[in-house]
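S.K.: So you can see what is in the structure, the chains are spelled out below.
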Amino acid sequence: MTEPRNPYRPLEPTFLTDLFREPLDPGYAEAAQRRAASAAAGTPPPRWRRGMRAGTVVTLVVVGLLLAVAYRQVVADEPTRTQVRADLEDQIHQRQAETDRLAREAETLRDEVAQLRDRQISDPRLVRDLRELEAATGLGRVRGDGVVVEVADGPPGVDPKTGNPELDPQARILDRDLQQIANALWAAGAEAVAVNDRRLTASSTIRNASGAILVDRQPVAGPYRIAAIGPDRLRDQFAASPTADLLRLLVDEFGVTYQVRSAGGLTLPAASEPELHHATSIGGD
Amino acid sequence: MVAVLALAAGVVLGVLVEPTVPIWLLPYLPIAVVAALDAVFGGVRARLDGIFDDRQFVVSFISNVLVAALIVYLGDQLGVGSLLSIGVVVVFGVRIFGNLAAIRRHLFRA
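Protein sequences appear in the order of chains C and Z. Here the numbering used here is used: the first residue of the first sequence is 117, the next is one more, and so on. Here the numbering used here is used: the first residue of the second sequence is 431, the next is one more, and so on.
These are computed hints drawn from the structure, not numbers from a lab. Mixed in with the good hints there might be a few duds.
What the hints assert, rightly or not - Not everything, but these chain C residues come out facing chain Z in the computed CB check (under 10 Å):
1. Leu132
2. Glu138
3. Pro139
4. Ala148
5. Leu176
6. Leu183
7. Arg188
8. Gln189
Nothing here was measured: the structure is a model prediction, and the numbers come from that model. Glycine included, C-beta positions come from ideal geometry on N, C-alpha and C.
Could you build the full structure based on these sequences and the hints that come with them?
M.R.: Spelled out as structure tokens, the structure:
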């Protein structure tokens, strides 16, 4: 730059370069120049200079205040954050306990309803048919022989940067895996399937919500235990399915846990009462 | 000396009075601190260079804080969140580092 710098246009195109080269506000140099010029000319320093000294002191007091307030704010924020988190956790646990209690209550009431209904129906054959239908649709508790498929996330690796244990996202069991297992079990002839004691029905969902797996909108945590009641060939058929191939691949590649075994006398709970989406009661009797 | 005392007085005042910051002012606090630090380090460096000027210091502090606050406010209103304040932090950060390096050279000759 050959031209003299224009003091009223401090933002030259090379602003950033200048910033790195000369971080001090150019105003200081200009003020010093002005002072030197007036001293050379013999004029006394202007009257306001003394007042500005007080301005500096006030500014510094304000800066100190600012630092103290900012520090206090950061320190004060921390307990609030932990407190909020703890409160939320408490609420979650409370609601979960409440949900469990209500679910148990619903179960006893359902048993009661079933008993009353059976007493009303005089024909034992009808009662048996009804029971069969309930078992097939997942509305009734069932017992029988079948298989248990157990899968779990692979072992955590070690983060190379922090040294903390860290789970490889690929070694994680996904909602997709559970879906495929459930579908393969149905395809192999299973009559009732439950994931971690949550019974699946025809309208059940296995979904992913930010890292957690939800079965019918209820979170399930690994290790996952998928129990199915079905014919004797269930185990072999499942083991021969593409899903089992995929799981074995996951075992070899990422070290996930996968185990399938026959089990006798499995008891699968009833699914929660289905919600009516389209049908409405017509009332009356 | 007076400057250090004034700064210390401000800190003590802040600790003793325990002022509560209104919630709408909170987003501006971090940026204001960075701007204030820039003004302070600039002032110290100018002092060591022997060209400290009271008026320049006061004006640079006030304008720094105001411009920083304005940019945070604009970023809020435009919906780009904290993106605009990144620019503020970069500029002030570079200046703070540069001035600190100059101060260090003055004090330790290294």
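S.K.: A separate judgement is required for each hint: does it hold in the structure or not?
M.R.: Going through the hints against the structure:
1. Leu132: Because about 8 Å separates Leu132/C from the closest Cβ in chain Z, which is inside the 10 Å limit, the hint holds.
2. Glu138: holds, 8 Å
3. Pro139: holds, 3 Å
4. Ala148: Interface hint status for Ala148/C: holds (4 Å vs cutoff 10 Å).
5. Leu176: Check passed: Cβ of Leu176/C comes within 4 Å of chain Z, closer than 10 Å.
6. Leu183: holds, 6 Å
7. Arg188: Nearest chain Z Cβ about 7 Å off; hint holds.
8. Gln189: With Cβ-Cβ at 6 Å, under 10 Å, it holds.
Violated hints are absent here; each numbered hint is respected by the structure.
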